[in-house]
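**Q** All chains should be built: construct the whole structure from the sequences, respecting the hints.
Number of protein chains: 2
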Amino acid sequence: MKQKTKLINPLQEIPTTSRRQFLLCSAALGGAALTAAAPARAGTENLSIPAWSKRSGDPVLWHPYGQPSAQQSHVVRRTLPGAPVPGAGASWTPLQNLHGNITPNGLVFERHHAGIPNIDAALHRLVIHGLVKQPLLLTMDDLLRFPAVSRIHFLECSGNTSREWRAPVSNSVQFSHGLLSNCEWTGVRLSTVLDEAGVLPAAQWLLAEGADAAGVSRSIPLAKAFEDALLVYAQNGEMLRPEQGYPLRLLLPGWEGNMSIKWLRRLKVADKPFFARNETSKYTDLLPDGTSRIFSFGMDAKSVITYPSPDHKLRDKGFYEISGLAWTGQGRIKRVDVSTDGGKSWREARLDGVVLDRALTRFRIDWQWDGGPATLQSRAIDETGYVQPTLQQLIAKRGLNSAYHNNAIQSWAVAADGSIKNVHV
Amino acid sequence: MKQKTKLINPLQEIPTTSRRQFLLCSAALGGAALTAAAPARAGTENLSIPAWSKRSGDPVLWHPYGQPSAQQSHVVRRTLPGAPVPGAGASWTPLQNLHGNITPNGLVFERHHAGIPNIDAALHRLVIHGLVKQPLLLTMDDLLRFPAVSRIHFLECSGNTSREWRAPVSNSVQFSHGLLSNCEWTGVRLSTVLDEAGVLPAAQWLLAEGADAAGVSRSIPLAKAFEDALLVYAQNGEMLRPEQGYPLRLLLPGWEGNMSIKWLRRLKVADKPFFARNETSKYTDLLPDGTSRIFSFGMDAKSVITYPSPDHKLRDKGFYEISGLAWTGQGRIKRVDVSTDGGKSWREARLDGVVLDRALTRFRIDWQWDGGPATLQSRAIDETGYVQPTLQQLIAKRGLNSAYHNNAIQSWAVAADGSIKNVHV
Numbered sequence: 001m002k003q004k005t006k007l008i009n010p011l012q013e014i015p016t017t018s019r020r021q022f023l024l025c026s027a028a029l030g031g032a033a034l035t036a037a038a039p040a041r042a043g044t045e046n047l048s049i050p051a052w053s054k055r056s057g058d059p060v061l062w063h064p065y066g067q068p069s070a071q072q073s074h075v076v077r078r079t080l081p082g083a084p085v086p087g088a089g090a091s092w093t094p095l096q097n098l099h100g101n102i103t104p105n106g107l108v109f110e111r112h113h114a115g116i117p118n119i120d121a122a123l124h125r126l127v128i129h130g131l132v133k134q135p136l137l138l139t140m141d142d143l144l145r146f147p148a149v150s151r152i153h154f155l156e157c158s159g160n161t162s163r164e165w166r167a168p169v170s171n172s173v174q175f176s177h178g179l180l181s182n183c184e185w186t187g188v189r190l191s192t193v194l195d196e197a198g199v200l201p202a203a204q205w206l207l208a209e210g211a212d213a214a215g216v217s218r219s220i221p222l223a224k225a226f227e228d229a230l231l232v233y234a235q236n237g238e239m240l241r242p243e244q245g246y247p248l249r250l251l252l253p254g255w256e257g258n259m260s261i262k263w264l265r266r267l268k269v270a271d272k273p274f275f276a277r278n279e280t281s282k283y284t285d286l287l288p289d290g291t292s293r294i295f296s297f298g299m300d301a302k303s304v305i306t307y308p309s310p311d312h313k314l315r316d317k318g319f320y321e322i323s324g325l326a327w328t329g330q331g332r333i334k335r336v337d338v339s340t341d342g343g344k345s346w347r348e349a350r351l352d353g354v355v356l357d358r359a360l361t362r363f364r365i366d367w368q369w370d371g372g373p374a375t376l377q378s379r380a381i382d383e384t385g386y387v388q389p390t391l392q393q394l395i396a397k398r399g400l401n402s403a404y405h406n407n408a409i410q411s412w413a414v415a416a417d418g419s420i421k422n423v424h425v
Numbered sequence: 001m002k003q004k005t006k007l008i009n010p011l012q013e014i015p016t017t018s019r020r021q022f023l024l025c026s027a028a029l030g031g032a033a034l035t036a037a038a039p040a041r042a043g044t045e046n047l048s049i050p051a052w053s054k055r056s057g058d059p060v061l062w063h064p065y066g067q068p069s070a071q072q073s074h075v076v077r078r079t080l081p082g083a084p085v086p087g088a089g090a091s092w093t094p095l096q097n098l099h100g101n102i103t104p105n106g107l108v109f110e111r112h113h114a115g116i117p118n119i120d121a122a123l124h125r126l127v128i129h130g131l132v133k134q135p136l137l138l139t140m141d142d143l144l145r146f147p148a149v150s151r152i153h154f155l156e157c158s159g160n161t162s163r164e165w166r167a168p169v170s171n172s173v174q175f176s177h178g179l180l181s182n183c184e185w186t187g188v189r190l191s192t193v194l195d196e197a198g199v200l201p202a203a204q205w206l207l208a209e210g211a212d213a214a215g216v217s218r219s220i221p222l223a224k225a226f227e228d229a230l231l232v233y234a235q236n237g238e239m240l241r242p243e244q245g246y247p248l249r250l251l252l253p254g255w256e257g258n259m260s261i262k263w264l265r266r267l268k269v270a271d272k273p274f275f276a277r278n279e280t281s282k283y284t285d286l287l288p289d290g291t292s293r294i295f296s297f298g299m300d301a302k303s304v305i306t307y308p309s310p311d312h313k314l315r316d317k318g319f320y321e322i323s324g325l326a327w328t329g330q331g332r333i334k335r336v337d338v339s340t341d342g343g344k345s346w347r348e349a350r351l352d353g354v355v356l357d358r359a360l361t362r363f364r365i366d367w368q369w370d371g372g373p374a375t376l377q378s379r380a381i382d383e384t385g386y387v388q389p390t391l392q393q394l395i396a397k398r399g400l401n402s403a404y405h406n407n408a409i410q411s412w413a414v415a416a417d418g419s420i421k422n423v424h425v
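Residue numbers (my numbering), protein chains in the order written: chain A, 1 to 425; chain B, 1 to 425.
Careful, some of the hints might be misleading.
[What the hints assert, rightly or not] Subject to a maximum C-alpha distance of 27 Å in a straight line, what follows is the list of computed DSS-like cross-link-like pairs (lysine-lysine):
no.	chain 1	residue 1	chain 2	residue 2
1	A	K334	A	K344
2	B	K317	A	K133
3	B	K317	A	K282
4	B	K133	A	K317
5	B	K282	A	K54
[Stated by the list, open to error] Covered by chain A, per the in silico footprint, the following chain B stretches (three or more residues, Cβ under 8 Å):
no.	region
6	230-237
7	358-368
It is worth saying that the hints were derived from the structure and are not from the lab. Heads up, the beta-carbon is just placed ideally off N, CA and C, and yes, glycines get one too.
**A** Next comes the structure, spelled out in structure tokens:
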């Protein structure tokens, strides 16, 4: 039975001989698999007790609503210059700094067409009208009283990766793939509310409209509305953030993010689509023959390596775990393959944790870097058998006029100095 | 084909007759099941376009790291007076305001013994020593280079609900059950790092010690360390918050929270437990015969109704969805039963979403409130067959000297005026 003494310097308990042996050994490791994770060090470790172990720290409730460490202040959403209209723009999620599948609410990407409306939830109303037996005017209290469900789903802007069609523009996965997040959403099944209103037999479509000044609206097939659409008021447990639609948004699992209308104020049931601005002049895909893909709702299987990626630098050869995210709007991810030679050979990655329907899936694979140039790629395969295409395959099918729905395989080139950049191979 | 006009007042599109009918109907609903969710209203809805729909809102990146709506400023962790030592204390998660299974990082409960140390992650070290072939001194860069896993698990302080043994003290689920959170954790399997160090044959236990001024330490059976213990650096995708152990904590799935040592600086491998302060004078359970349960690590099955609970008031009779959380340190939740008559009769609740191993599981069940007094209870049953006990059953077994591990069935009494309070029945 040994009684612990307070505030031991941990290193004082390592006999001097062991410590020397360890530091020597640590400095000598280098090539072996996992032990390469212990780098060479100068043997000049400061063995004194750090200041933070000597005195009581910040009190409980230092932040009643907690904040990240000040040392993590570089982990933020970022934007790009050039939004043409005040309030219109996007910010990207720092995927290079994230480690799991869940995106914390503070880092969920943004895409606004007329800024973030400052809505008073007590005055907000959802109207359901059109081809219904009984129009409804619902308060947030009403919506919170309906039966609810919680589901983890990804949300991806169909404009994600849109700058990468012609050249490898973004030298950060934040800007190449960061219009992407994955959260637990809680709300009412849209079908529950539509059943309350009583949809008439002629109904086929729905217009969903936001309460922002742009009045962003999209036509939604009624089948999707009844299949799995949610009227969402909470995200990762707490009420939606203002920039995510507070107090109410639509969520259409697996479909392009623009359709999951934020600040939702109106659902109009109709017999035809509405051909609103955001499904005609925008969010359509111009094909080589001059026609457009329209109502290209579903997001196809896609993946990207987030570590290592251009924001990182490999410090020495040896063991690394390559890690990234895979997702599909068509169900579950079945497999992710990873190449370190630009697609010549592939190895199957591990899918981490429980693979959920239309949710981000973290993949991981061991890699021994030999210190030479390497080209890293990942390729997602979903449960329908669909295989994420190369950029060449995608361009062959869709041409170079498309902005949206770029789900091509991404390549990162590792240089001998450990630096990494975005390349087309 | 209909072209949408911008900034329609949604209500202007509802013909006057329909609107009148709706408001009348809405006012007349009352008793029917779901339609009771649409309350009587005065018919004086302000039909003008709200200010937030008329002008562009706050720009993108209003907060590079996002924050909740100012209207949700009441949704915070809270503390209680009386912590005896500066920096020692707890804050409770507002379960009454949460809607899903995930706890957002800003609302994860706190329990500190000497405050929150302000650790420089670049200088932080983890020492692994004792009965190992090769002592290790690891930087955060080292730890981030090891293979990682992400897992969703609950964390509950074994002191959760400790004030409720003798009387129903807390008139809020925040204070009765809020030392409880559920996050996605990412880090290295402890077994991976122990294998690097090479555990010697005599080893049976591990001392885990924090770098806070209290040097909180606990003895951990080596079997648990190898089974599923994690060295965690990320929580809900981002790096740990300072109050959750930044930059490194232990995570022992399903075991009492105190053992998941925060600010982890040392792991010492030994042949015996260490009998440290937090497993002898604290975190043991004094039994009626004067002996103590010691090393009572696992958290037994428990559940609590979070809506409605004492922070809420039912506004009128009719439909409500009762909702709450269930969890067990022994695996998965198999079933949750709910009673609205103080345990005389029970109905099986729906388990929402994918039921995960040692994670919070949201349960939901429909309820027609008849406007009279009611006593709400939930009872969790886990996959081992263990049934959450009544308080009487728990006291019969453990007496009234125990502070920790109160997993009794919680009762909320609904009064005819819709108010709710904590009761013992």
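**Q** Against each hint, give a clear statement of whether it holds in the structure.
**A** Verification of the hints:
Note on A:K334 and A:K344: the hinted pairing holds, with a Cα-Cα distance of about 21 Å set against a maximum of 27 Å. Note on B:K317 and A:K133: the hinted pairing holds, with a Cα-Cα distance of about 25 Å set against a maximum of 27 Å. Distance hint between B:K317 and A:K282 is unfulfilled; the C-alpha atoms sit about 47 Å from each other, more than 27 Å. Taken as a hint, the B:K133 and A:K317 pair is honoured in the structure, with Cα atoms around 25 Å apart against an allowance of 27 Å.
Pair hint B:K282 plus A:K54 holds up; C-alpha atoms about 22 Å apart against a cutoff of 27 Å. Proximity of the region 230-237 of chain B to chain A, defined as three or more residues with a beta carbon under 8 Å from a beta carbon of that chain, is established by the 4 residues found. Residues of the region 358-368 of chain B lying with their CB closer than 8 Å to a CB of chain A number 3, which satisfies the three-residue condition for coverage.
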